[in-house]
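Engineer: These are the residues of each chain, in order.
4 protein chains.
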Amino acid sequence: MPLLNETARGVYVIAVTPFTDDGALDLASVPTLVDFYLDSGADGLTLLGVLGEAPKLTADESLQFVRAVTAAVAARVPIIVGVSSPGLAALGQLAREAMAAGAAGVMVAPPHTLRTDDQIVDYFRLVGDVLGDIPFALQDHPQSTGVQMSLPVLLRILKAVPNCVMVKHEDWPGLNKIAGLRAASARGEVRRVSILGGNGALFLPEELERGSDGAMTGFAYPEMMVGVCRAHQEGALREMCDLFDAYLPLARYEQQPGIGLALRKHILAQRGAIASAALRQPGPKLSAADLADVARLTERQTQRLKELT
Amino acid sequence: MPLLNETARGVYVIAVTPFTDDGALDLASVPTLVDFYLDSGADGLTLLGVLGEAPKLTADESLQFVRAVTAAVAARVPIIVGVSSPGLAALGQLAREAMAAGAAGVMVAPPHTLRTDDQIVDYFRLVGDVLGDIPFALQDHPQSTGVQMSLPVLLRILKAVPNCVMVKHEDWPGLNKIAGLRAASARGEVRRVSILGGNGALFLPEELERGSDGAMTGFAYPEMMVGVCRAHQEGALREMCDLFDAYLPLARYEQQPGIGLALRKHILAQRGAIASAALRQPGPKLSAADLADVARLTERQTQRLKELT
Amino acid sequence: MPLLNETARGVYVIAVTPFTDDGALDLASVPTLVDFYLDSGADGLTLLGVLGEAPKLTADESLQFVRAVTAAVAARVPIIVGVSSPGLAALGQLAREAMAAGAAGVMVAPPHTLRTDDQIVDYFRLVGDVLGDIPFALQDHPQSTGVQMSLPVLLRILKAVPNCVMVKHEDWPGLNKIAGLRAASARGEVRRVSILGGNGALFLPEELERGSDGAMTGFAYPEMMVGVCRAHQEGALREMCDLFDAYLPLARYEQQPGIGLALRKHILAQRGAIASAALRQPGPKLSAADLADVARLTERQTQRLKELT
Amino acid sequence: MPLLNETARGVYVIAVTPFTDDGALDLASVPTLVDFYLDSGADGLTLLGVLGEAPKLTADESLQFVRAVTAAVAARVPIIVGVSSPGLAALGQLAREAMAAGAAGVMVAPPHTLRTDDQIVDYFRLVGDVLGDIPFALQDHPQSTGVQMSLPVLLRILKAVPNCVMVKHEDWPGLNKIAGLRAASARGEVRRVSILGGNGALFLPEELERGSDGAMTGFAYPEMMVGVCRAHQEGALREMCDLFDAYLPLARYEQQPGIGLALRKHILAQRGAIASAALRQPGPKLSAADLADVARLTERQTQRLKELT
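Protein chains in written order, with numbering that gives the first Met the number 0: chain X, 0 to 308; chain D, 0 to 308; chain L, 0 to 308; chain H, 0 to 308.
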């Protein structure tokens, strides 16, 4: 498998980690899940993100899951593995194991304790050293990490850390940061990196317009993201927006903090991608009213998509 | 003017505070702004919220603005005044002045330093004492305050603090908290309070379904909120959702942290509600691309609304 | 009164704000409090700091207190007034009023929402603009503000904001930051500023050794701080440490988060500086055991001081 | 080895984790470190605390270190192993491995994301379930975790979670919380638990007076903590305070956030307990002035101890 590099584009779906109803890792669901994502048109997969319940796995389980997915994918698309960890030793170990298992690169979010610009840059410098020749995506997601990276900080990191080849950008949505990063590359100030947007794809059309290369997030209808990226590439902006708008009511609902992942797994289970919608503890329970909302939103979505064709 | 009470319902628009281009309080825009909101169908106005740039005003300016608005409203609808402050003395003073100027009640968000349940309950107990017979809305908005109030804490506050007559609920969106609050009242465990939803109305249909009484937020097209509430009351759920979905792409865009208020003021200025879109310093600047996004989204919104009629 | 400038040195005591038992501003205690501080050898006074319960005052009360203190001080020592506020308009207003009342300068801590280096520098740039020709001390106290300022950020501020003439340094204790600031001035990279240490003087000897100019904090025995600064200036390092160590057990005890200010006011009331130890609500209550600890520590302190003479 | 229970008392030293200069786990230093602590009079050891650099170890290294220490201790004193982790699966795995290696119990600090009372209680309920019959110490250290546990919350946890047998109390210092916990047991409201104080022993005398059973912290002169606890038990309060005060200047200096652990390791290396003072990356570097401070403080400490005998 070729290594992840700055030309990556399209839709890297953040994969959920399937569990059985009693909380065990559900490796049996991996092939259906992988097929579901690839049949949706995914250009890559990202494992063990925050919304992959990564911190709930033991080191051994993380590796088992990575191996199961790489086996099921069978090199059809590149795989990125989230390796964020409170410590660099564990980060480096999982990264090396993931690459040995066939990953194309890894992803790193900063620990929540970082505050100043220098602390952030120094941290990613150390990450770059620990990873050596493993390429990585930097995850810029202040809502979950509490770490705010300004554009100047991102530029400093890109200059200092050559194996940072991608920014998973989800600074809610920080559209002007995407544009600023692209402008800095256009001025020759910094090399180009791949930029993929997150946040449940809630700003995907605008992100693409500002220069992003696609999406890296886990919305339970990846075909929306694939369709939006394709329409954008073809310059079919009206179709892009029509498609996006049709899915937006549900995408918005799925992006609720707290219960978002439970909603996503519920939909994925309904769509046959995984056997159980269970989250490993601790995790929220959905109410009957939550499920009714999903049913109503899904039905309206289907209806709206029909109107568009 | 009757005092605010637990029967309040409908749309209380969070009013922006208009400034001139050089940052002075723009009292000349108050009549147009008030008429804009009331012509949109607002059932009430809320002044000096976080998105009213309240902390940027001096104590004198706050009072001037309250007086200008109450004069312009001329008792057509009730007015709620945000009086959140790091200290209770300033909170009480502004509350008394606002009521003297004609407000129907006040609104209080907790200071960011509160953490434990007891700290939160004790704080609102003190607020209740300081306010005396002034009714108030409790603002539950963890994204801006950092204070997380569980349902049990809300119930304890409602039991302990009789002048808390409304919850401005925007725990992103905490739909199950709304339902839990209503269920506790249905069980006779706690008196009924008015519940109005915030968050730019991004979850208004679902909030109404769970038992909220309406919206208290500042989306620049208040007619959407008015229409959604009306449709809900009439049981026209399909029309409610159609209307909501038509505005959702822009509502989502306007709700971006950081630049959201600048976007809102830009639209309000374009719609003639205020003379200048300026924020008082410190505040973000919109880029040309931001403005282009708004133009595109607004145009599509107009188009979609036409299709619906 | 001459304006505050970079040559300020010695002990600027952070004055408590006296209240009566029922929470009213106790202006009657101002003369005794001022005399207590000046008789202890204070070189200056700082009003309305965080531990002066500043946020609990209304704008009017703040000004009344400033005027009462400046009248009692009668130009014997310079006065610095804390003007930190969520908004720049209120900050500027209080600053101008304080200067009109006779203050030598003001003090500003950053709002808790600042995170990135640029946000911090931009904020103090705006503060500098708003204050115009009023000199100010920058308060670097991450424990209370949550804002972490690296040495490079401090240097950027000093270069960009000419009326910042003092750093109240209490980055627990950030001794190497003090040394770094002095080294930058020695290299000619940045102008010299006055540096005064805070944190209840718990690191005063070490701060002086690294280049600070004295203390700005409110330990209830200001004579310790005065004696330590004097001994340091005379090169009597052993005497400096002996004196410091004698007070350290109590200074440590008074510096407890949560109840520290209540302890301090209790001691000040016992020493006759203020009429009541009351804090304005909300504030903690001391237990009998707390008071017994203070009594024991004070007695041992007196004993130890006797042994030293 | 008997399991940890509520009768634990005395000094449980938080052991550092030794590294070589190039950052490898230094298992060769384990025997000297263990002997150093036990020769100082330690009643127990605690491994892999926050100041044991636990998060910097891989899962394998953590287990290696636990095994090396249990082998060196050879059942002379009980060992507690910190197992805090972002996820319960990793927490449970390390706990079971540690117990299999000979630990007496484990220690758990809450993840930084917890806010409300219910979230905290629910978390420790899950921890209790995951640990099964393994007894554990709850670490109450808001300065590092950001989680504030009120006394009512502690009581709820003790009622709901039977295998929580100890509270490592370091709520800076929360003396009244210790007293409140003891009073609740005296009233028969909750079973007794062991309470050990942390915070570098900066409040050890007062904690003992309020009812704590000793200290669990890592001050580089454990003999101070041992002597203070012994004197307290013998009712020799004056000797207790004299001894404590002699060490306080250094204990205060060692407790500096940021560089505290580096200072501690420097002293331990000087005292021959470990071969290298190195911290694993990322970690601060001490300056020459820092080292000079330690030298001066140590010398004065030696001198003062001589005066006392």
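No lab work stands behind these hints, which were simulated from the structure alone.
Yeah, the Cβ is synthetic: ideal placement off N, Cα and C, and Gly gets one too.
Some clues are possibly wrong.
Partial selection, computed: residues in chain L whose CB lies under 8 Å from chain X [said to hold, decoys possible]:
#1 Ser39
#2 Gly40
#3 Glu52
#4 Ser149
#5 Val152
Engineer: Decide, hint by hint, whether the structure agrees.
Structural biologist: Hints versus structure:
1. Ser39: 37 Å, violated
2. Gly40: This interface hint is violated because 37 Å lies over the 8 Å limit.
3. Glu52: 27 Å, violated
4. Ser149: At 4 Å from the nearest chain X Cβ, L:Ser149 passes the 8 Å test, so the hint holds.
5. Val152: Nearest chain X Cβ about 7 Å off; hint holds.
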